[in-house]
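Assemble chain D onto chain P, guided by the hints.
Protein chains: 2
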Amino acid sequence: MQRERILGIDPGSVITGWGIVETDGNRLLHVDNGGIFTRQKEFHHRLREIYDGIQEVVDTYQPTHVSMENVFVSRNAQSALKLGHARGVALIVVLNAGLKVSEYTPTQIKKAVTGSGRADKEQVGLMVQTMLGLPEPAQTDASDALATAICYLLRPKVEDVLSDLTVFPPKTKKSRKRRRR
Amino acid sequence: MQRERILGIDPGSVITGWGIVETDGNRLLHVDNGGIFTRQKEFHHRLREIYDGIQEVVDTYQPTHVSMENVFVSRNAQSALKLGHARGVALIVVLNAGLKVSEYTPTQIKKAVTGSGRADKEQVGLMVQTMLGLPEPAQTDASDALATAICYLLRPKVEDVLSDLTVFPPKTKKSRKRRRR
Numbered sequence: 001m002q003r004e005r006i007l008g009i010d011p012g013s014v015i016t017g018w019g020i021v022e023t024d025g026n027r028l029l030h031v032d033n034g035g036i037f038t039r040q041k042e043f044h045h046r047l048r049e050i051y052d053g054i055q056e057v058v059d060t061y062q063p064t065h066v067s068m069e070n071v072f073v074s075r076n077a078q079s080a081l082k083l084g085h086a087r088g089v090a091l092i093v094v095l096n097a098g099l100k101v102s103e104y105t106p107t108q109i110k111k112a113v114t115g116s117g118r119a120d121k122e123q124v125g126l127m128v129q130t131m132l133g134l135p136e137p138a139q140t141d142a143s144d145a146l147a148t149a150i151c152y153l154l155r156p157k158v159e160d161v162l163s164d165l166t167v168f169p170p171k172t173k174k175s176r177k178r179r180r181r
Numbered sequence: 001m002q003r004e005r006i007l008g009i010d011p012g013s014v015i016t017g018w019g020i021v022e023t024d025g026n027r028l029l030h031v032d033n034g035g036i037f038t039r040q041k042e043f044h045h046r047l048r049e050i051y052d053g054i055q056e057v058v059d060t061y062q063p064t065h066v067s068m069e070n071v072f073v074s075r076n077a078q079s080a081l082k083l084g085h086a087r088g089v090a091l092i093v094v095l096n097a098g099l100k101v102s103e104y105t106p107t108q109i110k111k112a113v114t115g116s117g118r119a120d121k122e123q124v125g126l127m128v129q130t131m132l133g134l135p136e137p138a139q140t141d142a143s144d145a146l147a148t149a150i151c152y153l154l155r156p157k158v159e160d161v162l163s164d165l166t167v168f169p170p171k172t173k174k175s176r177k178r179r180r181r
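Residue numbers (the working numbering), protein chains in the order written: chain P, 1 to 181; chain D, 1 to 181.
Chain P on its own, in the form it takes in the complex:
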């Protein structure tokens, strides 16, 4: 099996976590992790810090694939808008680098790392530390990024293939009505 080097990203306008995990097909190997702590007050400057930070990570570690959390819900529209900016900027760096991005729900990530989709943040952090043999827990956002990278590597790829296939036509309201008769 070809060596894979996954970049996990946990974007945020204040802190953007990242983590690099490698596999030779048998073991998970921790390469590096970190957080891009935006220091500028001005939002536009923060976006540039995120852009430059992710670009540096990509240039330094040359990942083969990217894994990110897919955000479905958000506290409110204003924070979703901000997160969207940060996410869009992080995404465009890796897309421009020709990398493919897999996205997973928080539940999928928790399940892949701990075995339970309902694990709390601390449990995920401890499992990441144990799985990668880190001497101490990584910074929260960096740890979440590592968990996202691990999720890509541990999820049985067949599930992702199956979810793309439509074996039976999807149930529509019409077909449901017909069945009731």
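Calculated from the structure, these hints are not laboratory results. Do not rely on the hints blindly, as some may be mistaken.
Repeated chains share a single entry, so a pair holds when one copy, or any two copies, can fit it.
[Stated by the list, open to error] The list that follows gives simulated cross-link-like pairs (lysine-lysine, DSS-like), each with its CA atoms no further than 27 Å apart:
id	residue 1	residue 2
1	LYS100	LYS111
2	LYS82	LYS100
3	LYS82	LYS41
4	LYS121	LYS82
5	LYS41	LYS100
6	LYS121	LYS111
From a predicted model like this one, the values you see are computed outputs, not experimental measurements.
Same frame as chain P, but now just chain D:
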């Protein structure tokens, strides 16, 4: 007065409008406008279309400044998140090009173009057409982008300077309580 060439952008994940307006200090001159219609189904591919599209506009027209609408509200968190992605990607192109970006509320833009902050979309479109001497109305998103560029050029700059100054210390809850006694 130095010639200014303003790029107005109205970002969206489906259509991103843009418009270039110039001034020699006396007149508004329409340079060009258009819409980046994302044709790809996949959201990541759309972001790249927006990135490439704005990059092409910047390369072709070499604007001196950028003007964008500042979004404060959104229908819901999910659409705000999508818009944030598109906005972040458009922003990073112009920020990386070393351009400064001014942002205005919808009310400020409407007021600058029509004289009323409560003007409807059609009125704004007609005023943009008249002010720039366009032979026909521009496509809606391109027209909004032109309005945003015009707003930057027509707003008295002193207002923007004043809004940045804090002449009196901001009222806090504490100071209000004290006054009540």
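Verification of the supplied hints:
| no. | hint | result |
| --- | --- | --- |
| 1 | LYS100 / LYS111 | within (22 Å within a copy, 44 Å between copies) |
| 2 | LYS82 / LYS100 | both (23 Å within a copy, 19 Å between copies) |
| 3 | LYS82 / LYS41 | both (14 Å within a copy, 24 Å between copies) |
| 4 | LYS121 / LYS82 | both (22 Å within a copy, 26 Å between copies) |
| 5 | LYS41 / LYS100 | between (32 Å within a copy, 15 Å between copies) |
| 6 | LYS121 / LYS111 | within (12 Å within a copy, 48 Å between copies) |
In the structure shown, no violation is registered for any of the earlier numbered hints.
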